[in-house]
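As given, the protein sequences belong to chains A and B, one line each in that order.
Counting along the first sequence from 1, when you hit position 194 you're at 194 in the working numbering, and nothing is skipped either side.
Counting along the second sequence from 1, when you hit position 254 you're at 254 in the working numbering, and nothing is skipped either side.
It is worth saying that the hints were derived from the structure and are not from the lab.
Virtual Cβ for every residue (Gly too), placed ideally from N, Cα, C.
Hints are supplied without guarantee of correctness; some may be wrong.
[Stated by the list, open to error] According to the in silico footprint, chain A covers these stretches of chain B (three or more CB under 8 angstroms from chain A): (1) 74-86; (2) 121-132; (3) 163-176; (4) 286-296.
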Amino acid sequence: MGKADIIKAVKANKPNELPLPSLDFPSSNGQSLPSLFEERLLAGGGEFFFAKSRVEAETYIQSRIKAGEYKYIAGALKSLNTFDLASIQDPHELELLNLSVFEGELGVAENGAIWLSEDRLIHRAAPFITQHLILLIREDQLVDKMHAAYAALRYHDYGHGVFIAGPSKTADIEQSLVVGAHGPKSLLVVMLPTEA
Amino acid sequence: MSHPHKAQEFIANENRVNWHDKSLWHVREKRDKAVNLFPEWEQLREKASQIKSHTLSRLDEYLEEFEKNAIANGVKVHWASDAIEHNDIVLSIFREHGVQRIVKSKSMLTEECHLNPFLEKHGIEVIDSDLGERIVQLAKEPPSHIVMPAIHKKRMEIDELFQKHLHTPPSHGDENILTAAAREHLRQKFMKADAALTGVNFGIAETGDFVVCTNEGNADMGVHLAPVQISSMGIEKLIPRYEDLGVFTRLLARSATGQHITTYTSQFRKPRAGTEMHLILVDNGRTVQLGREKYRRSLHCIRCGACMNTCPVYRRSGGHSYQSVIPGPIGSILSPGRDMKKYSSLPFASSLCGSCSDVCPVKINIHEQLYFWRQDITQATNEEPAKKISMKMTGWLFTKPKWFRKAGKFGRKALAKLPRWMVYNSMNVWGKHRELPEPPKESFQEWYQKNRKNNG
Ligand code: SF4
Numbered sequence: 001m002g003k004a005d006i007i008k009a010v011k012a013n014k015p016n017e018l019p020l021p022s023l024d025f026p027s028s029n030g031q032s033l034p035s036l037f038e039e040r041l042l043a044g045g046g047e048f049f050f051a052k053s054r055v056e057a058e059t060y061i062q063s064r065i066k067a068g069e070y071k072y073i074a075g076a077l078k079s080l081n082t083f084d085l086a087s088i089q090d091p092h093e094l095e096l097l098n099l100s101v102f103e104g105e106l107g108v109a110e111n112g113a114i115w116l117s118e119d120r121l122i123h124r125a126a127p128f129i130t131q132h133l134i135l136l137i138r139e140d141q142l143v144d145k146m147h148a149a150y151a152a153l154r155y156h157d158y159g160h161g162v163f164i165a166g167p168s169k170t171a172d173i174e175q176s177l178v179v180g181a182h183g184p185k186s187l188l189v190v191m192l193p194t195e196a
Numbered sequence: 001m002s003h004p005h006k007a008q009e010f011i012a013n014e015n016r017v018n019w020h021d022k023s024l025w026h027v028r029e030k031r032d033k034a035v036n037l038f039p040e041w042e043q044l045r046e047k048a049s050q051i052k053s054h055t056l057s058r059l060d061e062y063l064e065e066f067e068k069n070a071i072a073n074g075v076k077v078h079w080a081s082d083a084i085e086h087n088d089i090v091l092s093i094f095r096e097h098g099v100q101r102i103v104k105s106k107s108m109l110t111e112e113c114h115l116n117p118f119l120e121k122h123g124i125e126v127i128d129s130d131l132g133e134r135i136v137q138l139a140k141e142p143p144s145h146i147v148m149p150a151i152h153k154k155r156m157e158i159d160e161l162f163q164k165h166l167h168t169p170p171s172h173g174d175e176n177i178l179t180a181a182a183r184e185h186l187r188q189k190f191m192k193a194d195a196a197l198t199g200v201n202f203g204i205a206e207t208g209d210f211v212v213c214t215n216e217g218n219a220d221m222g223v224h225l226a227p228v229q230i231s232s233m234g235i236e237k238l239i240p241r242y243e244d245l246g247v248f249t250r251l252l253a254r255s256a257t258g259q260h261i262t263t264y265t266s267q268f269r270k271p272r273a274g275t276e277m278h279l280i281l282v283d284n285g286r287t288v289q290l291g292r293e294k295y296r297r298s299l300h301c302i303r304c305g306a307c308m309n310t311c312p313v314y315r316r317s318g319g320h321s322y323q324s325v326i327p328g329p330i331g332s333i334l335s336p337g338r339d340m341k342k343y344s345s346l347p348f349a350s351s352l353c354g355s356c357s358d359v360c361p362v363k364i365n366i367h368e369q370l371y372f373w374r375q376d377i378t379q380a381t382n383e384e385p386a387k388k389i390s391m392k393m394t395g396w397l398f399t400k401p402k403w404f405r406k407a408g409k410f411g412r413k414a415l416a417k418l419p420r421w422m423v424y425n426s427m428n429v430w431g432k433h434r435e436l437p438e439p440p441k442e443s444f445q446e447w448y449q450k451n452r453k454n455n456g
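The following block holds chain A by itself, in its conformation from the complex (with noise of 0.2 angstroms):
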């Protein structure tokens, strides 16, 4: 019964020890890494603007949201906030979000993925409760692949974390795109430059 059973018979039945293999991927040269994380994010459904400047940023974001639009805002842009995330205890209170701003903590080119993790968040079901999600992430907060990504949190402390590479979506019905299955209905990832 259960775990002394299962290693048993792990115990009898596995094969002599194989190698574990090192992993040494060439980092990518060429494209440079922001054009290649707009392209990826664009394929998975995903917005793109790039910001000159923290206030270009807010500016833009607000051109974005019609007055009246969104009632209940909340996330890393004080200027928009309507909804305080740390005053909330019970997750299901944030179903009334109609739109949530968060600074990612790196994003990854070759896929248009962005880390967000439960420090960020505050509350974990924050960006896939909301209606319309807004990522910022900053130029030198961008690695090439999936390996640097992994690389850079190896020795990060979360409870949970996620890549969120685009709006929800599914092709459950004949295969054809819908964007906002359960989660948001839109992703704009806003890029900032380094110094920003």
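With chain A fixed as given, assemble chain B with the ligand onto it according to the hints.
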């Protein structure tokens, strides 16, 4: 019922067969496009295969390490030798918390354990939250594909299902309207769930993390809202190092759908404050497969579905014809290991064209293993002539000469859809000019003739 019999049912509707074939080939093409974009693909596959082989060779140690780290992270770890133990563990956790309603994200393992009917029998409402899975759940059917569970369903059929069960107005099968309706319906379920269940794509021994990949975000919607999380993981899903995730996350989505990564790659380490995180490690026949040298590599499988999308037999016979939880080429290796008699026709549901092995991101020698099973099954049949196992093969594929005339007519276009051997043998299907992939030492024709004689 054997695969050829079931396949006959599916191919009775030629339009549907052509449509099914085309849908899956389209996914295969997307995969090719993503894969051809970078030169490291073969190297990645090789590393992935080595990592999996190594892990299996020290699986006991990695399981211990994984458990130790997960417990230190605050995760409650359980072990289940088989489906019954697994289901009992799930139920006892639910009983302890007075759980009545649960949401589930896609997990082939819980399909394998037949968890849903078990929980329903005990009065628990089980809602599959992946759209494709919800569709087949409403239709009271099993998934027909491991990544695209409702790939066999036409939009009008889904429309009718939703009208009946979700009371949506007719939409002529509009995918946007139907998906929006499902979103509303399932949000209510997420909001009310007492517990959420997920499968696991990867478990990492050195950190105790486990990783769940989805495009819809349904696994995350479930577990981040519900007070109790249960994740069920086959013991073969383990990888040793955190950095190994780099290899597998690069391979999985590209192989599955041609995306560069799944929309969400969610990594769980510690329970959310005030909630419980349970992880169930399941054997259910995996250690037996580990002991079968010829078939051991089938445990590398990361369930990407690429071998199904590329398989000419799967594409034209549909997932349900396999009548096993995992259909297609990989299912045809795994299922006879569980019940050789019941699944004896599956290793024959293949042309041995080798396309499955070519696309497999973890380099499982799928077509060779299919060939090994044919030998084992034939031998078993010879030893027990009374229990004659059906030896019918994919002959049904060729009972529709029209397809093959078509294949000839469309020339180049047909090449994209049918493997070479089919095209080149349209008039003389099992003829001399078949292009058999290597390892089978005797030609398929010879093999078939010999065994047919032996088996009457
Ligand atoms: S056998 Fe290979 S190709 Fe088929 S589902 Fe498993 S990993 Fe994917």
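Status of each hint after checking the structure:
no., hint, result
1, 74-86, "holds (count 5)"
2, 121-132, "holds (count 4)"
3, 163-176, "holds (count 3)"
4, 286-296, "holds (count 6)"
Comparing the model with each numbered hint stated earlier shows that all of them hold.
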